[in-house]
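Hey, can you work out the whole structure from these sequences and the hints?
For the record, the sequence lines run as chains A and B.
Residues in the first sequence are numbered consecutively from 11, following the numbering used here.
Residues in the second sequence are numbered consecutively from 11, following the numbering used here.
Worth flagging that the hints you see were computed from the coordinates, not collected in a lab.
Just to be clear, a hint being listed does not mean it is correct.
The list makes no distinction among identical chains, and a pair is therefore deemed to hold if it is satisfied within one copy or across any two copies.
Listed below are the simulated DSBU-like cross-link pairs for lysine-lysine, each with C-alpha atoms no more than 30 Å apart in a straight line [stated by the list, open to error]: (1) Lys79 - Lys292; (2) Lys354 - Lys331; (3) Lys183 - Lys158; (4) Lys130 - Lys183; (5) Lys295 - Lys367; (6) Lys354 - Lys195; (7) Lys306 - Lys321; (8) Lys295 - Lys361; (9) Lys354 - Lys320.
Next come the chains, spelled out residue by residue.
Number of protein chains: 2
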Amino acid sequence: MENRYCVIMCGGVGSRFWPFSKTAVPKQFLDFFGTGRTLLQMTYDRISSIIPARNILALTNERYAPLVKQQLPDLDDEQILLEPDRRNTAPCIAWSAYHIRAFNPDALILVTPSDHLILKDEEFRNSVVRGFEFVRDNRSALLTMGIKPNRPETGYGYIQVGGKSLDSIAPVKTFTEKPNIELAKVFLESGEFVWNAGIFMWSANAIIDAFHECAPDISMRFDKGLGKFGTDKETEFIKREFPACPNISVDFAVMEKYKDVHVQCVDIGWSDLGSWGAFYEKSPKTENGNVFRNCKTVINDCQNNIFAAKKEKLIVASGLKDYIVADNDDILLICPLSEEQKIKQYVNEVKANFGDKYL
Amino acid sequence: MENRYCVIMCGGVGSRFWPFSKTAVPKQFLDFFGTGRTLLQMTYDRISSIIPARNILALTNERYAPLVKQQLPDLDDEQILLEPDRRNTAPCIAWSAYHIRAFNPDALILVTPSDHLILKDEEFRNSVVRGFEFVRDNRSALLTMGIKPNRPETGYGYIQVGGKSLDSIAPVKTFTEKPNIELAKVFLESGEFVWNAGIFMWSANAIIDAFHECAPDISMRFDKGLGKFGTDKETEFIKREFPACPNISVDFAVMEKYKDVHVQCVDIGWSDLGSWGAFYEKSPKTENGNVFRNCKTVINDCQNNIFAAKKEKLIVASGLKDYIVADNDDILLICPLSEEQKIKQYVNEVKANFGDKYL
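Okay, structure coming up:
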């Protein structure tokens, strides 16, 4: 148990959920379902019974430090690693491994996003415990969690599973980035592919070795800091070296290249909540198919909409079908659910017309 | 000139424009068109050049006294008459006449709502000046302004004009309350009917005489206060007697019964702004037929909507046609323009579910 660590990545900006998720308060810091706990807090709650509290780290951008401290008051300041700059997942994952190894060379690490939804907590914990055993017993292995696809989703990365069965931990055959719809359908029908959930497990040594092998431009930088991790010289070192790292995901930099990558296929009720459509799908609905997030409503003749607002907001609506209605203080978004991919374009228009004020 | 008085009625609650107009800040106190002046201020501005400043009175409910003082800083406290209770227009109009007559027995009074729109200010002022002359020369006459109808509106009262022409001041033949659509069409086609704008002119003596003749239950109460109007005993007197008056409009109580009622048919670009439809009609539109009130917008594929919000609110909308989108702090209303008559029903549902908080 004392070798188990968790790195919660919570530095993303979550632009796809605008106007709910804004740069100042991205998605992971929101009480997304109105339950009283934010996605970050739900992430913490999910693993706190199987990982020692002092071994849980939050990895975030400097600007979100106050939010993390406020939402995870159990964490000491030393448990919050602050990235001085955005460099995607590879550099921050490397840093977390060097940092943790300085305290415990036998560390086994779970790396998890903080803005996903996992409905089956118990199954998730069982999978994590099993994964810890696997990476303890297979010291060079990197392990990722794979989700059985239920639709030809084009927004996710896919993993082709080697070996015979999807029911156990198996070697990865190939990684495939977001496919087009035809390819996604082939993947789905083949039964050989799972979604890449971006939840990783490894020993500190394995991932550092993998960086040396696949991304030496990154490990080279962190090797310069050996002896500084876990000391009062770490912050200054990171401030200098971190921004010099390449901006690259751990999938591209390491997972797709490394020799010993495994996937554990899990059924944990997962959604990356990467879109309003995903949110709609995972949310409880009224008999008319409406989803209400955190608002008081008086609704007449409305079907299959999302109404999302802040707690005391009253929404009175009539005659709407298949719309997103999202109100967040100074912004109101109303658009057909089928056009949610255009939200990014609207955000660009907003930026062009009004600057950063509403982002 | 010094005999000219104006009574601005600004005590209404404006429920039809919910959620813009709320009990706390009704429609007349709103900068409705985002011009920087509220409807009340526009009412004041419209008449201030033809009526001495000290002769302009605001008649409102006690709770709105701070709003009136703030919006009409030129008025002294004595120029603001505070109704201790809501009693529709007859009692407050009677009070205003008794009050003004105590200062000037030759007073000629214009009584005007404060929440209407008048686009042709100059024509309005010309009509008022002409009306003052008429009620000066016809000491027992009550005069009302009539608007030539342009549609078979069922929301207004109609006045059948006696005499030959609609172009001058003529005796009133009949008053008709809100007609059904068939009757409204007949009225429109006949050319004999005008809309009752609720803008009245009379001498103080004429209206007091008319109350004695048609509504003695009201004049009886105010006669008890003779000698107190215009003194420091008036407030106490009104607090006691006003709430005992019947709750009735001046149209019902006096205009429809009195012998000497005239109508001046005017073309002043009038709207009572009694509905979102009226607001839509009177507002400038984009080439797609959208009306924007006071909001920043990024709009795609939207036609013939009203988007109404507060100044810094950003509305991003797509795929809406013929809707009202009205956002006011803690309330968002979205409904088809064709269903605006249901807003009252929605407000009742809101009240049933959430109490007075959102009213």
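Against the structure, the hints come out as follows:
1. Taking the closest pair of Cα atoms, Lys79 and Lys292 come within 30 Å of each other only inside a single copy of the chain (28 Å); across copies the shortest separation is 52 Å, beyond that limit.
2. Taking CA atoms no more than 30 Å apart as the test, Lys354 paired with Lys331 passes in both settings, with 22 Å inside one copy and 22 Å between copies.
3. For the identical chains of this complex, Lys183 and Lys158 are intra-copy neighbours only, at 16 Å inside a copy versus 81 Å across copies, given an alpha-carbon limit of 30 Å.
4. Only within a single protomer do Lys130 and Lys183 lie at most 30 Å apart by alpha-carbon distance; the minimum there is 27 Å, versus 77 Å between protomers.
5. In this homomeric assembly, Lys295 and Lys367 come within 30 Å of each other (Cα to Cα) only across copies, at 26 Å, whereas the closest approach inside a single copy is 33 Å.
6. Taking the closest pair of Cα atoms, Lys354 and Lys195 come within 30 Å of each other only inside a single copy of the chain (25 Å); across copies the shortest separation is 50 Å, beyond that limit.
7. Taking CA atoms no more than 30 Å apart as the test, Lys306 paired with Lys321 passes in both settings, with 7 Å inside one copy and 23 Å between copies.
8. Only between protomers do Lys295 and Lys361 lie at most 30 Å apart by alpha-carbon distance; the minimum there is 24 Å, versus 33 Å within a single protomer.
9. Taking the shortest alpha-carbon separations for Lys354 and Lys320, both the intra-copy value of 22 Å and the inter-copy value of 24 Å come in at or below 30 Å.
Hint violations for this structure: none, all hints satisfied.
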